[in-house]
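With the sequences and hints as input, model every part of the structure.
Going line by line, the protein sequences match chains A and B. Basically the numbering used here = 1-based index in the first sequence + 375. Basically the numbering used here = 1-based index in the second sequence + 375.
Calculated from the structure, these hints are not laboratory results. Treat each hint with caution, since some may be false.
A pair counts as met if it fits within one copy or between any two copies, since identical chains are not told apart.
Using 30 Å as the maximum straight-line C-alpha spacing, the simulated DSSO-like pairs for lysine-lysine come out as follows [stated by the list, open to error]:
{"hint": "1", "residue 1": "Lys515", "residue 2": "Lys444"}
{"hint": "2", "residue 1": "Lys725", "residue 2": "Lys688"}
{"hint": "3", "residue 1": "Lys725", "residue 2": "Lys444"}
{"hint": "4", "residue 1": "Lys515", "residue 2": "Lys434"}
Quick caveat, the model's predicted, so the values are computed rather than measured.
Each chain, letter by letter, is given below.
There are 2 protein chains.
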Amino acid sequence: MLLLLSTLILPLLPCIYVLVTYPLTPKLHLLLPPLLLSFVLSFVLSILLIPRIKHYPLKAGLFGKDLGKRGTKNENVKVPESLGLVSGVVFLTILLLLLIPFSKFLPERLPDLNSSLISITFMVLLGFTDDVLDWPWRYKVLLPTLATLPLLVAYDGPTSILIPGFLRSFLMSENQLTTIGELVTHIPTVVVDTEAAGAIVNLGLLYLVYMSFLSVFTTNCINIYAGINGLEAGQSYVIGCFVLLHNLLEISNNSLSTPHHFFSAVIILPFLGVTAGLLKFNWYPSSVFVGDTYCYFAGMTLACVGIHGHFSKTLLLFFLPQIANFLWSVPQIFKFVPCPRHRLPRFDSKRGVMLPSNFDCGKGEYRLLKWRSHHEDGKDGPGVNMTVINLTLQLLGPMGEEQLTVILLLLQFACCSLGLLLRYNVGSIFVEE
Amino acid sequence: MLLLLSTLILPLLPCIYVLVTYPLTPKLHLLLPPLLLSFVLSFVLSILLIPRIKHYPLKAGLFGKDLGKRGTKNENVKVPESLGLVSGVVFLTILLLLLIPFSKFLPERLPDLNSSLISITFMVLLGFTDDVLDWPWRYKVLLPTLATLPLLVAYDGPTSILIPGFLRSFLMSENQLTTIGELVTHIPTVVVDTEAAGAIVNLGLLYLVYMSFLSVFTTNCINIYAGINGLEAGQSYVIGCFVLLHNLLEISNNSLSTPHHFFSAVIILPFLGVTAGLLKFNWYPSSVFVGDTYCYFAGMTLACVGIHGHFSKTLLLFFLPQIANFLWSVPQIFKFVPCPRHRLPRFDSKRGVMLPSNFDCGKGEYRLLKWRSHHEDGKDGPGVNMTVINLTLQLLGPMGEEQLTVILLLLQFACCSLGLLLRYNVGSIFVEE
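Encoded structure:
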């Protein structure tokens with residue numbers, strides 16, 4: 376309980392610090408109460424609805440048995456699945472209600488809200504159908520790509536990137552395009568800004584393709600960095616808090632991109648509310664599972680704020696653990712190494728701790744590629760499943776499930792802090808405008 | 376097969392007649408090929424995808440046994456449920472792709488497309504969750520109401536109604552508001568246009584409330600006028616064809632509302648395509664069921680075109696059988712009369728015909744209200760379930776399931792024709808602009 380409360384409050388502290396110490400514009404001052412209300416309302420609605428709704432998936436046979444409780448008296452408890460549906464619908468309801476003030480007071484941001492609503496609703500639908508029907512991978516990649524179309528069509532931000540100083544000379548020298556520079560301009564829709572001495576390259580349509588990839592990545596990466604109680608909702612909550620922090624910092628800077636960051640803050644607050652509400656029930660020991668529904672919903676929501684907030688590259692910096700987990704998983708995802716259905720750590724019920732989980736090596740054909748785990752008897756065992764969760768257990772040793780979640784969330788917090796530091800200090804490479 | 380083909384082709388004939396005989400504007404001439412392509416594409420995609428996807432719901436335990444095949448060798452065949460999901464997703468995919476030409480060539484109708492996408496996606500989501508989780512009635516009314524919000528926010532049409540001549544004198548006489556007229560103006564947001572001698576009453580917000588009710592009605596009324604093979608998709612197909620016919624007539628009139636009717640035609644064509652594709656598999660004997668997913672999806676799509684096409688009252692005229700079925704069902708829906716879980720007709724396997732189905736009268740408490748059915752032995756039986764389907768069987772006698780579907784679709788065709796006749800001849804009461 377104490378750990379859950381700290382998880383909910385700690386990542387919000389920097390945001391509160393910014394709100395208290397930085398001067399607020401009069402407009403933000405006026406809007407703060409309704410914004411906080413949307414956070415509280417979405418939290419309270421989630422808290423009230425999840426216990427009422429959780430019987431429906433149970434009745435429909437949509438439940439799982441917690442593999443992390445194997446060997447305990449709770450191993451056969453049916454835990455209802457896909458309660459991320461409640462979070463998604465509560466969040467979408469608030470966004471639907473926001474249409475009214477947006478159309479009255481912020482018509483210039485209405486297309487952003489509309490496209491976010493379309494993309495997120497589509498992903499909640501896809502997520503829930505995936506929980507029920509278990510789609511093959513090709514659908515999981517194709518459908519999110521389609522779902523990002525509204526975001527790209529509504530996108531009115533820059534499509535240029537800044538080239539770091541030391542690379543500019545490869546594109547231009549003496550006010551002329553170099554051979555490489557010439558080659559680059561032959562890529563369709565790409566334009567090197569010759570006025571800016573190679574500092575600015577407009578990617579045009581390719582930038583939209585990049586944002587589409589980004590969305591497909593964010594919708595799937597949470598889903599594969601999952602499997603222990605509280606991790607899916609926890610990581611999304613921490614990332615969401617850093618998004619809010621970044622928004623608040625930019626709003627108080629009062630830069631050109633303030634309206635976009637304001638939009639992002641408006642969207643992320645109810646997201647944090649529903650996620651906090653879900654985390655209450657999904658925290659160790661979970662009484663509900665979040666389902667693919669939540670993972671897709673969270674991933675697409677974060678992509679929406681990144682794209683419409685015009686900080687998609689900064690957003691990627693907040694996803695460092697997910698990127699690491701994806702890269703580390705590549706050999707298994709693309710079947711260079713065997714990939715069992717579940718890769719979550721296994722539970723040692725005698726000692727009450729989680730251990731890294733293994734895959735079978737088959738008939739030795741994967742010998743060269745496999746990652747060897749050192750069993751306690753000192754011998755090489757079969758390969759350890761390649762996830763950051765298992766890697767943490769390999770590096771830090773066996774530990775309880777709750778402790779493991781907390782350590783992974785601390786890692787998330789540290790990575791997000793590092794990302795923000797990079798964004799504001801190492802900087803111009805990652806700056807959007 | 377022949378009956379299915381006739382069902383698909385017959386209601387389209389009037390549309391083809393209009394296209395061939397009325398002069399086409401050059402713009403429509405240019406747009407006709409891509410429009411027809413969207414119809415063909417959505418049809419072909421449905422035909423290809425439904426047989427591939429239908430194994431997923433079967434595997435997930437999402438299937439039903441056809442109650443209309445009881446007592447035959449097919450009574451235990453598992454028929455996959457909710458294949459309306461495929462129709463919905465194919466349709467939404469086409470709408471998503473339409474975002475690109477709309478944002479380039481028709482930016483003034485983009486809000487209509489956006490809001491339709493949000494509302495329809497939300498309803499597909501609600502429908503599929505209903506198929507899986509079986510929501511209670513309060514959610515089935517509350518959530519569609521929310522889903523109509525985007526439509527109302529994006530609505531830019533008139534909110535006034537024309538008062539029929541013989542009623543105007545009740546509102547105004549001698550250029551003064553009568554007592555009734557005064558009372559009417561005391562309803563919030565309602566304004567009687569005194570310049571127009573009581574002919575025009577602006578309902579303001581109340582008009583939006585009416586459109587919200589309309590959408591909730593259309594999303595639910597198809598769902599309760601259902602239960603025999605091909606009826607849900609068939610009725611939606613016939614209504615959709617009449618919507619298209621109305622659009623084409625108005626476009627060729629080249630009136631002020633042409634852009635709105637054009638929008639409606641663009642949306643309804645892929646809808647007809649996916650519905651025709653679904654009907655191929657849902658026609659007697661059904662190899663797939665459409666699910667609440669399809670009913671909600673179809674109802675909301677029809678509401679969208681009615682609202683954004685500015686012909687919501689004409690749309691209601693196309694729903695005469697559904698309105699009759701709803702009104703006739705009211706005693707059972709509101710539990711004045713017992714309401715069993717299923718009200719579809721029962722199948723007499725010996726004679727191969729459908730018979731009206733009954734409800735138990737309980738302990739006589741409903742005696743006064745019940746509708747008595749005359750059994751073949753001449754005695755009063757228990758009450759007959761109050762649906763238009765059962766009523767048809769009571770009036771026309773027992774018949775096979777396919778024949779029953781065809782008769783009900785003919786009834787739909789007749790009612791829609793009557794509606795269109797009323798719209799253009801009796802007229803000014805129902806005219807929108």
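Against the structure, the hints come out as follows:
In this assembly of identical chains, Lys515 and Lys444 lie within 30 Å of each other by CA distance solely inside one copy; the values are 29 Å within and 36 Å between copies. Taking the shortest alpha-carbon separations for Lys725 and Lys688, neither the intra-copy value of 45 Å nor the inter-copy value of 70 Å comes in at or below 30 Å. For the homomeric pair Lys725 and Lys444, the shortest alpha-carbon distance inside one copy (11 Å) is at most 30 Å, but the shortest distance between copies (54 Å) is not. In this assembly of identical chains, Lys515 and Lys434 lie within 30 Å of each other by CA distance both inside one copy and across copies; the values are 27 Å within and 18 Å between.
Hint 2 from the earlier list is the only one contradicted by this structure; the remaining hints agree with it.
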